[in-house]
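When you get a sec, could you build the whole thing from the sequences and use the hints?
There are 2 protein chains.
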Amino acid sequence: MCRHRLARTVLLIAVCLCLNALSPLRLFAETGYEAWLRYAPLDDSTRQKYASLPASVTILGDSPVLHSAQEELIRGVRGMLGRTLGAAKGEPKESAFVLGTVGNVPGLRSRSDIGADGFWLTSGRINGFDCIIVAGNNERGVLYGVFALLSKIAHGENLASLDEVQQPYAPIRWVNQWDNLDGRIERGYAGRSIFFDNGSVRTDLSRVRDYARLLASIGLNGCTINNVNADPKVLADDFLPQLARVADALRPWGIQMAISVQFSSPKTMGGLDTFDPLDPRVIDWWRKKAEQIYQQIPDFGGFVVKADSEGQLGPSAYGRTPADAANVIARALKQHGGVVFYRAFVYNHHLDWRDPKNDRAKAAYENFHPLDGKFDDNVIIQIKHGPIDFQVREPVSPLFSGLEKTNQAIELQVTQEYTGQQRHLCFLAPMWEEVLDFDLRIANHSTPVKEVISGRTFRRPIGGFVAVVNVGMDKNWLGHPLAMANLYAYGRLAWDPNLSAPTIVDEWTRLTFGSDPLVVKTISDMQLNSWHVYESYTGPLGAGTLTDILESHYGPGVEASERNGWGQWHRADHDGIGMDRTVATGTGFVAQYPSVVAKMYESLASTPEELLLFFHHVPYTHVLRSSKTVIQHIYDSHYEGAEHAQQFVEQWKSLRGHIDDVRYAATLARLEYQAGHAIVWRDAICNWFLRTSGIADTKGRVGHYPDRVEAEAMQLHGYEPVEVSPPETASQGKAVQCPPSAQKCTAIFQFKGPAGWYVLDVQYFDQNNGESKFQVRVGDQLVDEWTANDHLPATKIGGDSSTRRRIPGLALRPGDQIRIDGVPDQAERAPLDYVEIRSEDRR
Amino acid sequence: MCRHRLARTVLLIAVCLCLNALSPLRLFAETGYEAWLRYAPLDDSTRQKYASLPASVTILGDSPVLHSAQEELIRGVRGMLGRTLGAAKGEPKESAFVLGTVGNVPGLRSRSDIGADGFWLTSGRINGFDCIIVAGNNERGVLYGVFALLSKIAHGENLASLDEVQQPYAPIRWVNQWDNLDGRIERGYAGRSIFFDNGSVRTDLSRVRDYARLLASIGLNGCTINNVNADPKVLADDFLPQLARVADALRPWGIQMAISVQFSSPKTMGGLDTFDPLDPRVIDWWRKKAEQIYQQIPDFGGFVVKADSEGQLGPSAYGRTPADAANVIARALKQHGGVVFYRAFVYNHHLDWRDPKNDRAKAAYENFHPLDGKFDDNVIIQIKHGPIDFQVREPVSPLFSGLEKTNQAIELQVTQEYTGQQRHLCFLAPMWEEVLDFDLRIANHSTPVKEVISGRTFRRPIGGFVAVVNVGMDKNWLGHPLAMANLYAYGRLAWDPNLSAPTIVDEWTRLTFGSDPLVVKTISDMQLNSWHVYESYTGPLGAGTLTDILESHYGPGVEASERNGWGQWHRADHDGIGMDRTVATGTGFVAQYPSVVAKMYESLASTPEELLLFFHHVPYTHVLRSSKTVIQHIYDSHYEGAEHAQQFVEQWKSLRGHIDDVRYAATLARLEYQAGHAIVWRDAICNWFLRTSGIADTKGRVGHYPDRVEAEAMQLHGYEPVEVSPPETASQGKAVQCPPSAQKCTAIFQFKGPAGWYVLDVQYFDQNNGESKFQVRVGDQLVDEWTANDHLPATKIGGDSSTRRRIPGLALRPGDQIRIDGVPDQAERAPLDYVEIRSEDRR
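Chain order of the listed sequences is A and B.
Take this note's numbering: the last position of the first sequence gets the number 940, and nothing is skipped along the way.
Take this note's numbering: the last position of the second sequence gets the number 940, and nothing is skipped along the way.
There's no promise every hint is true.
All copies of an identical chain are treated as equivalent in the list; a pair is satisfied when it fits inside any one copy or across any two copies.
Derived lysine-lysine pairs resembling BS3-like cross-links, with alpha carbons at most 25 Å apart [claimed, not checked]:
#, residue 1, residue 2
1, K146, K750
2, K849, K186
3, K431, K330
4, K190, K849
5, K796, K725
Because the hints were derived from the structure by calculation, they are not lab data.
The structure is reproduced here in structure tokens:
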């Protein structure tokens, strides 16, 4: 960002702000770091629209947030229009952009219809000068107004008769980062923490400042910076000054800082022998800790608490309730204005899977609904959008309808824990839109989720939105260049959940890649299809993501959900699949919903098919509305999804030359990987169900791969066959790899097809505990070589590590000898699965 | 280039060749390193044209050059068409590309019309298979044929009925590099030597190999690798093995290596007490040295000799002639097939400037014409294209018409020594085209220069082209991303001087930047105008480049040419300007030309105006055909040229998004610099002539700069005024700089114009002996800051170091205080010349 940071740091703060504003004029490679705030130069005709804009920007007041607003307007106008606005303070002395809170703008009529964080963009004469006015309900509103104004300019909108009020839908618009103090991020897929390293807050917090700016630009106002599985050290006396440095970095952008805390902290690090929430010493401990924090961080946001969940200790240790737990902390924060986010993700992960009545989905409602009304007014129950855990498809959590006298916030996930971990394209706004618009029919009235969680339905004082984001040190924040659309969409929906996913992705694409119609159409189309595509090859009909739920949450792992206490059961067996959650014959979960919704889910006939297996157990031969059986739907949807993933590659290739080369190449690499891994998914899931059900694919695809040559069937020198577990994660259940003693191994086979042009896919395994090297030869001619140095979440052969190298445009003749040499490295033994050879004519 | 170089080096050579062929498939940032050999993927419709191409390429023979040809075809087809051709040897066993010398291709009719290095592209059936045949007269011809074939594919040409013979116009198609053994390059503007470092040949010669490939791709066949001002060490016994390594790197691409040698070597490093060319010991020394070289480098090309020139010792020391000198070396090389390039750049640089008959332009002809017929058949007289030294405009050297029984080669310059040093855009093909097409009218027959130097006119056995190139370690070879067009054009003209500059630049642009019509049109237009533009602000009417000829050869320095022995006189004084070279009243140089040409130049009326001042001295009031006086033409042409340089920036900006960002930004930076430096040139030249002639610019521009605020007229804190020498290289002859004691200096002035949007240009000096820092504020607001860290050829304030920082889009109001802070560094004392403020409306 800053080319002369060293020189800059010696200057005053006011100067620093101006300097940041200078940077967009210079040329940078498109790394993705700027995200949707590129402020790329507009074309001349669009610039012409803005020729008569004021030449200066004045702020009415003097605070870090107002300075950020002024700096941002200068920066944005400079980038897009090539003009450096003069920076002024106080009432305008010439035609100007005027930034201030409503009451401070001279001559502006007061209006009561602008709520907290809202703003009014208007124009008018002040002191005789024509001005464009950004009036905020508060200073944060001014900042949001500036971003809105810049977005209008980026989209080329007319500012002539500006008169627009915007305000956020809900007061709580937060993000959570699951960052550990050692710098690792739980379920983070874009590098190490921007906050922490090696047990401390980072010295250089420039990325934290830039993250805060990104968050502010989409109207977000709070950030919890550490993992919900919290390190108790975060509350240590000597750590608080470090936290204060982070809060200082977030503050100029209107972002409140919060931290996750261990509920057991009074005991684990506080020196007490108890953490019983009703114990006076514990009450006092929390009170004193809060006071200590607020002395150093006056605008501290509060605490996030994960208790009695997945090994975290909680109030149950003393027979107390979550309300007891939340309130003891909330009361300590109350006088300082802080809040407690108490997570509803409380469930028993030692459930007896043999009991057909047991159901993890019921846990949140059972734990929290009885406590409705028992929570203090500065407690917010943070509820995951579905009853399980961020699966690719779930119904909404019934707990949203179970808390009428309690503040709520919905917890969404920008980090794609179960949806491809930013290696697969999965734009989640369409899912979130469905969740937020879902009508719970509480008391048989229209009660969409968004109205409930925002506090509107039951007139709760606070409520709103939380998303787990987990940006990292990767230059482009989230790893996949297209993944930032999820962060953008989250912020936009938290600001206005009535926005549609197509509108949001159109905005994001224009700001991120420019307004070339082909670019906008192609990327929007890919993004809007991507969730359904990912769903169709990973977990159709509401079965949940059929992944390895025990470790990676990434590749295929159908059986990982079953026969354990974690409760993500899909109950697939020889005859059928699905969790019967009906009242009549199942776990009774359906009864947690208001009656209209419950009635819909109770009946197989009225349950939407995309959630069929979430609510009902059916035989594989059950016939869907499409007239397909469930088993054939599973096969078909996996083939269609994998095919669609391949189409993403072709769609992206049509953009070559229409966007910058750097992001083009980075995105293409991810999409090509996804297309290959979608086939790994397809084959693993289909083969598992074929083996389990014994019912063949009517189209004859599953189990038949005429274009493949299995590695274990090749002529092997050094390589040894190995059984893969689970077997469906390698073709025919087998692979080959070098034994520990081998320096180099070779697999050879003869091509038997007719002469022609072929695409050769080498399916191999890329673990993260070694960097094997591969070479492919046709006859004596080396045609490709590569190093298996991706960082996939896998230390062994299987669905997480399976990947492919595509070698296109190969001329092959009958009898050609194809030879693969593998050089193993450390624990990665140059493992190979198969080679697939397809004629180019068939693409 | 190679992502896995380390792994690669352990493989066999044949494999290495194939590996290089793999790389274009991978994505690289566009650094310019690939130059015109990018082999960018063709669009799908163009690819379709080539769907039925053969799938393999076979070579008939086994040599490094044939392997290069095969590798290149694989690489090019893979890059453009995404297909990896099978590599084979011997007669085709399937439909194939067949590469071989004419006699080796089975069934191919023999034809006598293909000369050395020529090739025949055709198609036909061999052994029953349809083949595309690249048949060379020799192996080099095969290589050139492959490049021609790939160029056809890159341009989307149909290969269906291929039948085309091409052959080079002349046998000598060489480049010279003026590289010193310490790694510096004399008149090199793109970094350090790719051949040498620290007194030795580089360990890593990968760039030499890639340079050889570039040269081969345009049909060049020889390279002299060291400075003509040669280090005697280059002939030392222990250096020869190092030279052999370079020859090894060049050989696979058909490039013969030669070296420049000191003529005095027998004495300076050979242990003799003489270098008299007629001394038997000297004769023997050269013979033995040649034998020694050819033992290690069997295809060694020969020697380049600069003798009796600019301080280099020569045969005159012993009263011998250049023929004696050239022949003694030529005879030593003869039996091995080597040649001597003897440079005609022999002149007295201690000429008495007061003698109006003296004329450096006469030197080459006077020295060499009398020796015509005295040179051995393996001597080539290497003649600069003009009689002076690569000025922006010269007539052709009369020596071309003065050697009928002697081999010649024309010496051109790709490195832009006097034409902007790759910081200014100057495409030289239009100049070279004029030179090569110039009809000398020898014996009143049509005798264009190209026919003479190629040996055609006088049926000489050898002859042709040499260009000084001076590529360096800069990633893009020549520094300016558009400068490689000159190397490309040189190669193409050496191959076929009947090609036109527009044809060449169209080819180059398509290969280098792609075929977007806007890109092709814009870049072609800029390139084709650029020589004239550079001429018009640096040396109009044939006055020569009015630069500092004593040191940098870069910025303006009108008086540097005068009153010294170097003989680049333009004779400008109070009354008039121009060198009278007529027979009647001048130096008599004109008489060196054949009579028709001499007659044209003898008369003021028939001399082309672009060469007026080269041949005639005229008063400033002399009226040109345009009805302008000479002095007004000087003013007008400098203003028009500087304006046109500014237009290059705007033209380039129209390509944003049409080419890759990296080369876009790098080129834009150079063009913006050029636009600023063109104004430095304009003002220096115009003010010098105003001062000297006393005749005002009728348009009132020269000497009047109402938008400028001189630094010395600002309110200075720390800064001190300083006189600049020569005075015309700073505005009003003065600048300001920090005294040695100052840590920081400030210059302040008040803006007095009306409120509005302005462009502020800060004119400052960027020396190469320090990196000053500058900050500009309007009021308290920092609006720009930068470090003066360019590497201009200057250690002091003046026309070489003068440069500008443009700050666009500034809002200014009457009374605004503008403040510049300068922080000096080492010998560079943050020097400032002036600030110019112009309304944006006036752009």
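Right, here's what the structure says about each hint:
no.: 1; hint: K146 x K750; in the structure: between (34 Å within a copy, 20 Å between copies)
no.: 2; hint: K849 x K186; in the structure: between (79 Å within a copy, 22 Å between copies)
no.: 3; hint: K431 x K330; in the structure: within (23 Å within a copy, 85 Å between copies)
no.: 4; hint: K190 x K849; in the structure: between (83 Å within a copy, 17 Å between copies)
no.: 5; hint: K796 x K725; in the structure: within (12 Å within a copy, 86 Å between copies)
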